[in-house]
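> Single-letter residue listing:
Protein chains: 8
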Amino acid sequence: MSDLVMDWARQARTGVPEAVLCASKSAAQIEAALAAAEEAGHSLLLTRLAEPLFASLSPATRQRLDYDSLSATAFYGEVPNPAAAIAGVGIVAAGTSDLPVAREAARTLAFCGYASPVIADVGVAGLWRLLDRMSDIAAFRVIIAVAGMEGALFSVLGGLVAAPVIAVPTSVGYGVGAGGTLALHSALGSCAPGVVAVNIDNGFGAAAAAIKLLRAGARS
Amino acid sequence: MSDLVMDWARQARTGVPEAVLCASKSAAQIEAALAAAEEAGHSLLLTRLAEPLFASLSPATRQRLDYDSLSATAFYGEVPNPAAAIAGVGIVAAGTSDLPVAREAARTLAFCGYASPVIADVGVAGLWRLLDRMSDIAAFRVIIAVAGMEGALFSVLGGLVAAPVIAVPTSVGYGVGAGGTLALHSALGSCAPGVVAVNIDNGFGAAAAAIKLLRAGARS
Amino acid sequence: MSDLVMDWARQARTGVPEAVLCASKSAAQIEAALAAAEEAGHSLLLTRLAEPLFASLSPATRQRLDYDSLSATAFYGEVPNPAAAIAGVGIVAAGTSDLPVAREAARTLAFCGYASPVIADVGVAGLWRLLDRMSDIAAFRVIIAVAGMEGALFSVLGGLVAAPVIAVPTSVGYGVGAGGTLALHSALGSCAPGVVAVNIDNGFGAAAAAIKLLRAGARS
Amino acid sequence: MSDLVMDWARQARTGVPEAVLCASKSAAQIEAALAAAEEAGHSLLLTRLAEPLFASLSPATRQRLDYDSLSATAFYGEVPNPAAAIAGVGIVAAGTSDLPVAREAARTLAFCGYASPVIADVGVAGLWRLLDRMSDIAAFRVIIAVAGMEGALFSVLGGLVAAPVIAVPTSVGYGVGAGGTLALHSALGSCAPGVVAVNIDNGFGAAAAAIKLLRAGARS
Amino acid sequence: MSDLVMDWARQARTGVPEAVLCASKSAAQIEAALAAAEEAGHSLLLTRLAEPLFASLSPATRQRLDYDSLSATAFYGEVPNPAAAIAGVGIVAAGTSDLPVAREAARTLAFCGYASPVIADVGVAGLWRLLDRMSDIAAFRVIIAVAGMEGALFSVLGGLVAAPVIAVPTSVGYGVGAGGTLALHSALGSCAPGVVAVNIDNGFGAAAAAIKLLRAGARS
Amino acid sequence: MSDLVMDWARQARTGVPEAVLCASKSAAQIEAALAAAEEAGHSLLLTRLAEPLFASLSPATRQRLDYDSLSATAFYGEVPNPAAAIAGVGIVAAGTSDLPVAREAARTLAFCGYASPVIADVGVAGLWRLLDRMSDIAAFRVIIAVAGMEGALFSVLGGLVAAPVIAVPTSVGYGVGAGGTLALHSALGSCAPGVVAVNIDNGFGAAAAAIKLLRAGARS
Amino acid sequence: MSDLVMDWARQARTGVPEAVLCASKSAAQIEAALAAAEEAGHSLLLTRLAEPLFASLSPATRQRLDYDSLSATAFYGEVPNPAAAIAGVGIVAAGTSDLPVAREAARTLAFCGYASPVIADVGVAGLWRLLDRMSDIAAFRVIIAVAGMEGALFSVLGGLVAAPVIAVPTSVGYGVGAGGTLALHSALGSCAPGVVAVNIDNGFGAAAAAIKLLRAGARS
Amino acid sequence: MSDLVMDWARQARTGVPEAVLCASKSAAQIEAALAAAEEAGHSLLLTRLAEPLFASLSPATRQRLDYDSLSATAFYGEVPNPAAAIAGVGIVAAGTSDLPVAREAARTLAFCGYASPVIADVGVAGLWRLLDRMSDIAAFRVIIAVAGMEGALFSVLGGLVAAPVIAVPTSVGYGVGAGGTLALHSALGSCAPGVVAVNIDNGFGAAAAAIKLLRAGARS
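Chains as they are written, first to last, in numbering that gives the first Met the number 0: chain A, 0 to 219; chain B, 0 to 219; chain C, 0 to 219; chain D, 0 to 219; chain E, 0 to 219; chain F, 0 to 219; chain G, 0 to 219; chain H, 0 to 219.
Since the hints were made in silico from the structure, they are not lab data.
All C-beta atoms, glycine included, are put in the ideal place defined by N, C-alpha and C.
Fair warning: there could be bad hints in the mix.
Said to hold, decoys possible - Label pairs and their calculated CB-CB ranges: (1) G112/F to H41/E: 50 to 58 Å; (2) E50/H to A84/F: 39 to 47 Å; (3) S134/D to A22/H: 49 to 57 Å; (4) A49/G to S134/H: 44 to 52 Å; (5) A49/B to M133/D: 25 to 33 Å; (6) W7/C to L69/G: 52 to 60 Å; (7) D131/B to A11/C: 39 to 47 Å.
Please work from the sequences and hints to get the whole structure.
In structure tokens form, the structure reads like this:
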């Protein structure tokens with residue numbers, strides 16, 4: 000535990016809370032982070048906590064976590080009341096395979112007190128599915144767009160809306176689309192100005208950016 | 000010239016005529032190919048004949064060529080009468096920067112006796128531009144789609160039309176889009192089934208495929 | 000299930016039916032898609048349904064599917080009578096390791112009412128194997144060629160036949176050939192005009208393109 | 000000119016005006032776009048108009064453009080009064096070699112009526128240079144960070160400020176840093192949440208995102 | 000065993016002892032190396048000896064090894080007394096996920112008689128964590144810096160200290176940061192002069208370089 | 000000149016003479032190598048001596064060189080009498096654009112006293128061109144095959160002949176074939192056993208390997 | 000079995016026998032190949048037959064195979080008497096981790112009647128190990144060199160011997176050396192002329208090339 | 000000039016002086032840096048100042064610089080007396096094409112008061128050239144090794160000497176060796192422990208590391 004230096008002041012400093020990316024950590028390291036949170040009296044968000052890793056935590060720990068297996072996220076401690084969540088962010092996902100990443104963004108936003116409705120299965124292969132939902136989508140102040148494969152959704156959406164679009168490429172795909180690089184490059188190389196990107200599968204980062212962005216608006 | 004083995008029977012065998020890709024050839028090698036065509040009494044299509052290379056040919060040769068600088072193509076010999084051109088192929092180009100490649104396809108088709116109207120500047124950043132032209136586009140039996148950058152046009156088009164879409168990625172773009180790999184991968188990784196791809200900037204190949212395809216239809 | 004938006008009109012609009020790529024979906028998501036198909040009274044094609052995933056479906060579901068393990072595809076609902084299948088497409092596979100992908104194409108074609116004889120094990124390392132079968136191959140109106148490793152089959156075939164060749168590179172290979180990129184690039188960089196490519200291992204996409212192509216011929 | 004379809008409604012629809020990326024266009028195509036702007040009574044922003052291309056425009060055209068060679072941008076027509084520019088965006092550049100890209104962002108913002116002070120030469124190899132300027136930087140509502148080479152600036156800045164950071168990787172660098180991919184990946188792979196990225200050298204895109212973002216704040 | 004040629008003279012010749020990289024070896028090959036060490040009366044360092052491979056060794060062998068599972072290293076035979084370890088090297092690790100690699104370096108140094116305190120969890124996303132420890136870090140004569148993801152630590156550290164910085168990129172990360180190439184390139188492309196790099200996850204190599212370097216100082 | 004250490008004994012030691020790769024050398028460095036050859040009384044082969052670099056040499060030097068511009072090679076000093084050249088090697092080139100590399104191999108062989116007839120323009124897009132020449136090709140003891148683009152020639156040839164095939168991929172091609180990596184990988188990933196490869200455009204290396212190989216045969 | 004077309008004439012035509020690469024084949028496909036061999040009265044070489052796949056064959060089949068687990072190869076049918084093996088080929092392996100690939104080459108040679116002593120653990124990190132064995136190595140007419148990681152062995156060996164060197168890069172390594180591309184490129188980019196390469200881990204191909212090469216010598 | 004923030008304290012802080020990498024700067028920016036140096040009374044090292052850029056500086060500026068065209072470096076102001084240079088560093092270069100980079104390192108060392116003899120043309124294709132010089136090389140306390148192509152020199156040297164080896168890969172090479180990535184990876188993936196690497200062509204960085212390293216020794 001002596002190796003662990005939690006950055007509890009991050010939320011005050013940058014607007015985004017400390018979180019623990021569990022993917023390359025041991026159960027012991029995760030338990031240590033939770034103990035530190037308990038000692039400091041802080042809530043803590045855990046991401047990339049895959050089911051086998053979650054199952055390897057102690058029963059006592061598991062019981063104290065609000066775990067969501069689709070997004071592989073967990074909440075420790077007090078979390079803002081959803082009824083009082085701040086509106087403004089919307090999440091648009093191309094396919095059902097992109098939902099784990101979309102949910103990671105939504106859970107991160109919820110942990111910070113923001114609501115984020117998810118509009119799913121609106122990939123551009125059936126353009127009408129997206130066009131049918133445009134009036135809902137146009138109402139968001141910030142849009143998180145989640146897509147894998149060739150990521151054409153990012154450009155189409157970026158050309159249709161006034162809101163900034165935060166693109167989250169996903170690793171859903173095969174062949175030239177495997178691993179998410181194609182979707183990422185489609186977001187970055189988009190012919191529609193105003194699209195920005197985060198790392199592949201980084202729903203957490205997209206949520207963090209959306210929060211900073213809404214707060215920037217509120218600071219004026 | 001002894002190194003040169005022209006494949007004059009190719010058109011009979013495969014439906015696509017012999018053509019000379021001039022990019023990595025010397026002026027002498029191109030003159031030799033034209034001499035062989037003259038001797039055999041064949042027409043000949045020259046592609047990737049950039050202006051400096053064209054200018055390095057003998058004046059006599061230049062005069063006998065029907066040269067188009069935008070597409071860097073030239074016709075030698077008799078070419079089918081445009082008034083009698085076979086309809087069915089349409090070319091859709093995302094931006095004005097994609098026109099050289101679109102024109103290479105159109106010129107190849109013209110050399111073989113096919114008409115191919117070009118619908119340009121319908122990139123998806125302004126989706127209405129494409130939707131406005133859909134009734135024209137839907138009338139084509141085969142569509143050649145030409146786009147660079149993130150190539151989102153391929154997926155959007157593929158999801159809207161019944162005709163097969165032959166995607167020609169172009170090397171137009173910068174950063175992650177430089178060189179055309181992104182547009183190529185977008186075509187291949189498209190979520191819209193029925194999109195096929197040729198090599199980057201390969202307008203000639205797309206035309207060849209379109210011709211084979213129309214002939215396949217005619218063989219039934 | 001509310002996240003699922005099936006595109007039942009796709010077949011009417013584009014000639015290719017809605018299908019479910021199962022690879023990155025959960026058993027629950029697949030069951031939901033089948034329930035939607037049942038409710039809508041539609042047949043449904045499932046692809047990339049690997050055996051472990053198939054085994055994780057409910058026994059009732061499994062019984063209602065016509066499952067083929069080699070191609071990892073399943074049919075739900077009514078499928079056209081093979082006896083009345085439309086001819087014209089032929090599938091040529093380089094090696095026995097390429098058969099799963101060749102079969103995915105054949106099964107997709109069968110689901111849509113098209114016959115597609117498979118000619119296998121005709122890789123160019125033993126050129127006579129291919130030349131022996133050329134009279135059969137030359138009779139097809141559209142050819143789907145399936146090959147991994149260095150994909151030399153695409154160029155050899157493209158130079159011999161009048162029919163359009165839809166190349167499906169496979170991920171069969173090792174070292175520089177691993178993952179299918181080499182075979183894909185061989186198809187795209189082919190010196191034989193008229194070869195078009197789909198994504199690596201994308202037998203479904205090749206079948207979709209072949210169908211669009213035959214229908215284009217029929218529209219004249 | 001018939002190939003040109005200007006998207007004059009883009010500004011109303013998305014908050015970002017139509018602009019012409021000149022890099023892969025001919026002088027004739029650029030003159031045509033300017034003629035269209037004149038006819039429509041619109042201003043027009045030209046980007047990636049390198050000096051040789053600018054010099055190839057007609058003298059009359061050149062005289063009507065407000066050209067800036069460092070950023071390779073030009074303004075045509077009426078531009079907002081700088082004295083009335085909207086504040087909120089700040090640009091932070093790692094080195095003097097990054098200034099062309101930083102200036103492209105600043106010029107785009109100026110064309111749209113936004114002020115954007117540039118703080119330059121604050122790369123992290125001399126961390127004190129950045130720390131000395133932090134009080135100025137912390138006052139911005141949105142930060143555009145511009146850096147090439149290893150792009151460590153993005154992570155350091157992202158960890159220090161509450162404002163969203165739009166990272167613009169530049170192609171400044173050599174060896175493993177050549178072309179800007181390293182700086183791009185450093186932005187995307189940053190351990191500091193809330194950093195978003197645009198394409199390499201895309202100062203225009205960063206400005207467009209910053210504008211959308213400030214407008215999102217104003218819509219609340 | 001006849002295939003095995005141990006280089007026992009390496010330590011005398013180059014200052015770094017023979018070691019066995021176990022990752023791609025069989026249990027039998029490892030036992031043979033240990034038998035050779037026993038016969039020659041040498042100690043032996045084993046690296047990349049993952050737990051399953053360690054478990055596959057004979058009980059007798061396992062008992063004779065000083066095994067550390069976090070770093071996957073083992074010592075065979077006599078090892079220098081830690082109480083007499085030579086000071087001068089310090090190890091700085093960005094995150095807790097980088098500790099296995101940091102520990103491989105520390106264990107290699109200990110095997111050779113050098114002390115190497117580890118300062119962990121000082122990634123630049125919370126810059127104050129690093130700045131708080133700078134007085135300790137500045138006292139080291141040689142610094143081994145261990146970081147994954149975007150590796151911004153290397154540049155920040157390189158700009159702050161007089162000691163040479165040996166960067167060990169780790170394979171910790173995802174998306175563009177997966178596999179460690181991004182962190183490696185950040186070290187190599189660093190704007191801070193005096194940073195040198197070893198291969199990804201190569202804690203052993205960094206320790207070997209640090210030893211050679213301290214010995215170079217001692218030779219003057 | 001003191002920096003230059005010519006390896007005159009290489010021919011005796013390895014069968015292949017010292018040669019100077021001129022591409023990244025200055026005119027002064029090349030003149031120094033020739034002076035060293037003169038002093039030592041040796042002949043010298045110069046490769047990659049492009050015309051502008053050749054033109055920058057002193058007139059006296061140019062006069063003493065037997066220069067061939069197509070292959071960018073030059074001979075200095077005595078060269079074996081072509082009339083007495085040793086037979087056994089044949090060179091097969093796919094297209095006329097591959098001739099510079101084929102000629103580099105032929106010139107290197109001539110410099111060492113070997114004859115090497117070139118059979119050109121037998122790419123597999125017109126398979127009959129290759130099959131027509133097979134009786135000539137089958138007579139060679141060693142075959143150097145030269146091809147760019149997708150390099151299908153290597154596999155077709157490798158499957159037809161008993162002789163070893165040394166593949167020389169060329170950088171002729173565009174899009175996915177640009178730079179020669181595709182042709183190189185096609186040679187390495189070939190399904191025809193017995194094909195070996197040298198570096199892209201390395202006609203010299205192929206000739207060196209062919210010489211070693213013929214000498215190996217002669218040593219029995 | 001109808002999909003299987005064995006090329007029994009390959010040995011007569013090219014000097015290298017038909018072999019079955021088992022890696023991507025099913026147990027049923029392998030059994031079918033063996034049945035075809037039995038029916039034709041031919042021996043058969045199986046490569047890349049990993050232990051789990053071997054174990055999945057029927058007991059009767061397993062009993063009829065001469066299986067070697069280190070190289071994952073199996074012989075079916077009559078094999079030449081080792082006592083009468085033809086000499087001339089030597090195999091040099093850099094490390095013990097490269098032995099599986101070295102053994103694949105040796106087993107292929109044995110199947111065809113050639114002897115091939117293996118000299119192992121002579122990597123260049125301890126150059127004396129290689130120099131100590133040079134008199135043995137210099138006696139071979141053809142050398143197969145097997146190395147992973149940075150593959151420096153290929154260049155050192157190529158500069159020392161008169162025999163042609165067939166380089167087999169192996170996938171042994173990590174970080175930048177993972178997968179074998181680095182070792183492959185070191186062989187191809189070698190500064191020592193006369194080194195040729197086969198695909199990564201392709202011991203079979205190296206043996207096939209060595210056989211063709213020795214036969215070429217014997218044809219003079 | 001207001002954009003320029005020189006880090007004059009760097010030498011005191013890190014042991015390596017401020018230097019200006021000129022490659023992507025304008026003549027005006029370079030003149031501004033020199034003016035700042037003059038004002039501050041500091042010497043200044045300019046690197047990557049190619050001849051055309053040097054020629055574009057004002058005559059007065061050119062006269063005040065000690066310019067070396069081979070290394071493209073220039074000294075401004077007082078430089079340590081070579082007669083009093085500190086010994087300990089040696090530079091070993093594989094070929095004459097690597098001399099510009101070797102010289103950049105030597106010039107940087109000279110600017111800082113260190114001597115660095117260069118031993119050139121000792122590539123491993125003629126191993127005796129290197130072995131002949133080993134007694135000189137073994138006397139250095141720190142070795143900077145400079146090599147392009149396959150960079151085998153790094154491993155051979157690393158296995159022979161006790162001194163730390165700082166590898167500088169160069170961009171000398173073609174095909175798979177083009178750009179220097181192969182040489183870089185050979186250094187990083189070396190089987191000889193104690194080799195560290197800097198960026199491609201980064202002679203300045205190697206010199207900076209060597210200085211830090213010698214100073215580390217002196218601090219004991």
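> Does each hint hold? Answer for all of them.
Taking the hints in turn, this is what the structure says about them:
1. Checking the proposed 50 to 58 Å range against G112/F and H41/E shows it holds: the Cβ atoms sit about 53 Å from each other.
2. About 44 Å separates the C-beta atoms of E50/H and A84/F, a value consistent with the hinted range of 39 to 47 Å.
3. Remark: the range hint 49 to 57 Å for S134/D to A22/H is contradicted by a beta-carbon distance near 33 Å.
4. A hinted range of 44 to 52 Å for the beta carbons of A49/G and S134/H is consistent with their spacing of about 50 Å.
5. A hinted range of 25 to 33 Å for the beta carbons of A49/B and M133/D is inconsistent with their spacing of about 52 Å.
6. Range check, W7/C to L69/G: about 56 Å between beta-carbon atoms, so the 52 to 60 Å window is met.
7. Between D131/B and A11/C the beta carbon distance is about 23 Å. The supplied range of 39 to 47 Å is therefore violated.
The structure does not agree with the numbered hints 3, 5 and 7 stated previously, though it agrees with the rest.
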